[in-house]
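Please arrange chains B and C on chain A, whose structure you already have, making use of the hints.
Chains as they are written, first to last, in UniProt numbering: chain A, 1 to 129; chain B, 1 to 205; chain C, 1 to 393.
Hints were generated in silico from the structure; no laboratory data involved.
One or more hints might be untrue.
Said to hold, decoys possible - Derived pair list, reagent style BS3-like, types lysine-lysine, alpha-carbon separation capped at 27 angstroms: (1) A:K80 <-> C:K122; (2) B:K78 <-> C:K197; (3) B:K78 <-> C:K191; (4) B:K164 <-> B:K78; (5) C:K122 <-> A:K124; (6) C:K280 <-> C:K359; (7) C:K333 <-> C:K386.
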Amino acid sequence: MPLSPASGIGRFYAKSAKIIRFVRLGCTNRPFYHIVVMERRKNQHQPVIEQVGSYDPLPNDSNERLVALNTERIRHWLGKGAHLSTPAAELLGIAGLLPIHPRTYMSAWRNRRAAAEAEASAEKAESNS
Amino acid sequence: MLPIVRVLYSGLASATRSSRGALHTASVVRCKAEAEATDEKSSEATEGEGDGDQVSSGPDPKDRTKNIPVETSMRYLKSAAYKQTYGEDFVWTQYRRNHKGMFAPRKTRKTCIRQGRIATGNPCPICRDEYLVLDYRNTELLEQFISPHSGDVLSYSQTGLCQKTHFRLMVAVQQARDSGFLTYDVPFREYDYNEYYGQNEKQKA
Amino acid sequence: MHLLRQLRQVNGLRSLRQATRQVATGPTKPATLQYERDPQPLFTDAETQRLLQSMTQLNLDRVFRKRTVPDNSVETKFMTDEQLDSEFQQMVERAKQRLQMPPIVTIKKDEERIIAKDPALKDFASTKYVFTDITFGLRQSERKVVVRETDGTLAYATLETTKRMNQLYFPLEGRQSYNPRMFLLEELFAKCLAEHKYEFVLDRLLVQYEPHEPEFHNISARVFEHLNESKQFDLLRSTRHFGPMAFFYAWHRCIDDLLYDMIRRDYLSNAVELIALSYKIHKVPVEYLPTLAQLDALQITPAQRALAELRSVFRNREENQGIEQEIHTAIGKTEQDFAADEVSLKFIEQYIASEHALKKVQLELAVQTLKEVNREKLLLFQGLKKAHGVQAS
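Only chain A is shown next, with the shape it has when bound in the complex (with noise of 0.2 angstroms):
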């Protein structure tokens, strides 16, 4: 599959719906995401109409994720209406660009909680023992 041409190529009606959205790329156990936009309906590996930034999910020596994002285009496109993909809407809202996405406070809480919990587990091994 070729790389999709991070902008230009994708052709697309004017009124039709466009979305922000992640397209994985990278390879088996080696997730790598560009943020794009293209039509809704399309599927992720066809051409997109420009290419808006990049997300690294796994993080890098220094213990970070990376994400590159061109604020310009993303507020351009918003502008004309594009929708948002649920993780992009995360990311950007992680960003400070948006407001947080509910999503992103509710793992906060559930991750909270499972630590929480492991806490408590853990401690109740120990009083046993």
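Chains B and C alone, transformed into the frame defined by chain A:
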């Protein structure tokens, strides 16, 4: 192979070496002997070989198991023995590849040394002389493989290095550049003063 | 086997690289001299810039020395005189651009700038997120890099992270993503200095570090200090590093060695400019402006001189300048140069007599020698003029 047969074989091989190779190898061997004499390290020949090969014909010229320190190599490059062998030329200028037909294969051979021995009759310029050690500190040797025009490492099609040695050369050159042993022309960086002085500059203008 | 060893060496390098990331600050021994207050207003001052440019000089052969670039091809063209002249002018402009001095700024301190805090976001992910704005056409310093920590704080990234992200998304040619060993290991750095690879070290420094980083200040100060001891100032002449070097010496009141070198090489007007610069920086109440104005009237700027040298191609062909020109080229000086020398010598002697000069004896000796040489040259000059029957003005 039985030891006796092997001795015979090595003797034969050394006797029937092609004339051009023989001339060069002979001088190299002589030079090496001199270099070793200056190093005062000639006492022990290679010990690893328990075959009894050396009993008949001294140290094996094809043996490459001995680890030669870089300092020795650097001294060798400055010595009279080196001058006598290579003159003013680079170590690779006199080297010719052997090949069938008019055109040489696009790539050189993968390696000249297999299992600690020279496995070919026409080893590449670095492999044939064991006193040429590729290391980032050995700048005199590395400089011979760098183009004065583009600053790149010369291609193996020009120098005739085997692929493994060429790779080692590239690594050594990069290390030398990183450590400041080799200088190169750093790309020019243009500064936008406004980026650093910003508003002040605008007020002045 | 060799290959394996080599690979192991490379791996060793990598582990070293990781080690260096931990000790990112202060790679080499700190320099003794640092800019204690912001040098920027004095450096960007128009007069200082003019003085520094004049001191740097402009030797076209040196600026356009043959470099090892991928394309070293030469183009040969037929041109009319006008075309050639405009080409010469463009060439001098290009040379000036190549001599652009790196900016001198203070060390930038990392400051924490928090955009938003959201405790409800705590533990939303296991690692922090770094967001880089890759909008087209922004400058490096304008590019925003923000970090969302795992505890939900959104803040601007540290300078180190910002630089790393900039290099990742918009790589600067020649810059490494790690600290080069040359700058990292003290013995390698000292070796470079001992071998007088000043220009290489400084060139690489410019590419590797930003002017506001402590490493930049530290390394450049160490190079200049070493240069002041080895006195190989000529290695940096007509490179972009000469101006910052002179500024550094003037700032730290150690111009005497450089001054001695200038006098010995008969760059008297440069010596005057250096003294004037140090007076200007330290606000010494000595009137240097009239002397500079006098010198300006008598001499031309380095760029003009370079252009005149190029244009001598036309003059030689016309051959109507005559014997006077020949005398000038034989002696290497014109009448105006002699007059300028006199003015500058007076100023320099005044400086040597003042309390600002530290190596008085040495400087005095140099001035005396130069005076004698100049006197002989002047005699010869006048003699030649008389012999050729040229009217002495």
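Quick rundown of the hints versus the structure:
1. A:K80 <-> C:K122: Roughly 33 angstroms separates the two Cα atoms, so the pair is violated.
2. B:K78 <-> C:K197: holds, 22 angstroms
3. B:K78 <-> C:K191: This hinted pair holds, its Cα atoms lying about 20 angstroms apart.
4. B:K164 <-> B:K78: holds, 26 angstroms
5. C:K122 <-> A:K124: Satisfied, since the Cα-Cα distance of roughly 25 angstroms is no more than 27 angstroms.
6. C:K280 <-> C:K359: holds, 20 angstroms
7. C:K333 <-> C:K386: Within the cut-off at roughly 16 angstroms; holds.
Hint violations for this structure: number 1 only, all remaining hints satisfied.
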